[in-house]
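K.L.:
These protein sequence lines map, in sequence, to chains F and C.
Mapping of the first sequence onto the UniProt record's numbering: position 164 corresponds to residue 164, and the numbering continues sequentially without gaps.
Mapping of the second sequence onto the UniProt record's numbering: position 144 corresponds to residue 144, and the numbering continues sequentially without gaps.
I should point out that these hints are in silico values taken from the structure, not numbers from a laboratory.
Mixed in with the good hints, there may be bad ones.
Mimicking DSBU-like on lysine-lysine, the simulated pairs with C-alpha atoms at most 30 Å apart in a straight line are [claimed, not checked]: (1) F:K173 with C:K117; (2) F:K173 with C:K221; (3) F:K226 with F:K71.
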Amino acid sequence: MALQSLDAPLEGRSSPGAAIRRRVGATARGFVSRYGLLAGFVLLWQVSATQGWVNPAVFPPLDSIAAALWKGLASGALLDDIAISLQRSGIAFAAAVALGIPLGLFMGQIAAVERALDPILQLFRQTSALALYPVFILLLGLGEASKVFVIFWATLFPILLATIGGVKQVNRKLVEMARTFGATRLTVFRRVVLPASVPAIFVGLRLSATTALLLLIAAEMIGANKGVGFQVMNAQYNFQIPLMFAAIFLLAGLGLAANLVLVLLQRRLCRWAEVQR
Amino acid sequence: MMGAHQVIAGGAVTIRGLSKSFALNGAALPVLRDLDLSIHPGESLAIVGPSGCGKTTLLRVLAGLEQPDGGQVLIDGRPVHGVGTERAIIFQEPRLLPWLTVLGNVTFGLEVRGVPKAEAEAQARQNIRLVGLAEFEGAFPAQLSGGMAQRVGIARALAVQPEILLLDEPLGALDAMTRITMQDELARIWREQQVTMILVTHDLEEAIFLADRVLVMPREKGTPPRMIEIVLSRPRDRSEAGFVAMRRRLMAEFGLH
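Next comes chain F alone, as it looks inside the complex (with noise of 0.2 Å):
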């Protein structure tokens, strides 16, 4: 009470305007500091490159990476890229996610399971995707087929080892809570185990996500003649550098989309963890 009627008439004197421009300005002074290097890094970029700083053809200005960009878009050729990394690895990733999920979840929970997959997994996942990709182009040919298994190879482990993870550091005691009341452990799972691990598993998917990029970009980068990481490729081949950095440009924006996608699904997902922060 009394702090309410010592900030009233605090409060009346400032007009709405004053408390408009206030909140404007703060709005702005976050934009700065959260952007501020940001847009600080793209500026020395492109007067470097207009300057003359740096040599124009390794770093051409942003302008023309933009109208590289541009043309490549309306023309539908760098669509088409875009469209076959995006189905390359969604494909993978969608594979991934309906293998590597369940599958932890089961692990997760059957000590005895985990216990003997553990050690083949470790091994697995500590040899590199990027090294086993000739084993696979020659077990599945230089299609498609070693592509996306390339990736989902390595977009596997980071979503299986983070489900695992999350069930095995499920709290004991809320599954005996749960049990007090009579639940199966059908329920326990459904109710208990599986919410309990929505966190640890989307980690498990953000960093899925990434790699899977990451893994689009080298295969395509070998025996490809489509996709945005052969555009990389091609485009300095034949020395087009605009076009070379657009897709860099293209691809991170992909990344970044992807992560994205990730970060509002789980919001929605995790309403419950926000509130804690």
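Could you slot chain C onto chain F? The hints should help.
P.N.:
What follows is chain C alone, placed relative to chain F:
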């Protein structure tokens, strides 16, 4: 409020020759030895004793979370095997599911038991009101204080309308002030709900305040536990002479002054 009030006829607990040991470095460490005890329907019994005396083990056996090595537990004359719908347990930690709201948590026990959602929510709301959290039914556990979270745990246990309420040091993690308020709440709830209440605590004052009888479990495994009747009128007054005398007597049981 009156709707939540339901007279429960059952809730008698009989313990016959109960024994339980734990394996410690290969040797069997007896925790409970040939314990006999009988608790009337609607009675409030407190079990006190130092850490390691077996009071929590006894409660966990009653809850059906531990199997006894020997002897048996009968509820209303029927032997107990595992957890059962006539018992609900309140733990020291509230053990709330962090992804569910207060309403979701209180509904949880009912849903697990197959009560239809609408009915379960109506019953949960009544019990949330009973513990004084009506305005917080949409809050998540992370937004609650320790005392409020424990109230949710109590509402969740009461919502399934148990005959027997088992409390394992339910107020042990709360600060002194909150603990006293919550003791008043528990006394009120026990009076209104007419459940059998079995309370494990290390707080002698709490035992005297809430219980009709106090089972004193000694540290030494050879000594049998002693039952002490609390003959004080209710509601109890912590500062009244009879209460203080009772407290002195209980402390003397443990050689404390």
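K.L.:
State for each hint whether it applies.
P.N.:
Going through the hints against the structure:
1. With a CA separation close to 25 Å, the supplied pair K173 of chain F and K117 of chain C stays within the 30 Å bound.
2. Taking the CA atoms of K173 of chain F and K221 of chain C, the gap is about 28 Å. The hint holds against a cut of 30 Å.
3. Simply put, K226 of chain F and K71 of chain F have alpha-carbon atoms about 17 Å apart, close enough for the 30 Å limit, and the pair holds.
Of the numbered hints stated above, none is contradicted by the structure.
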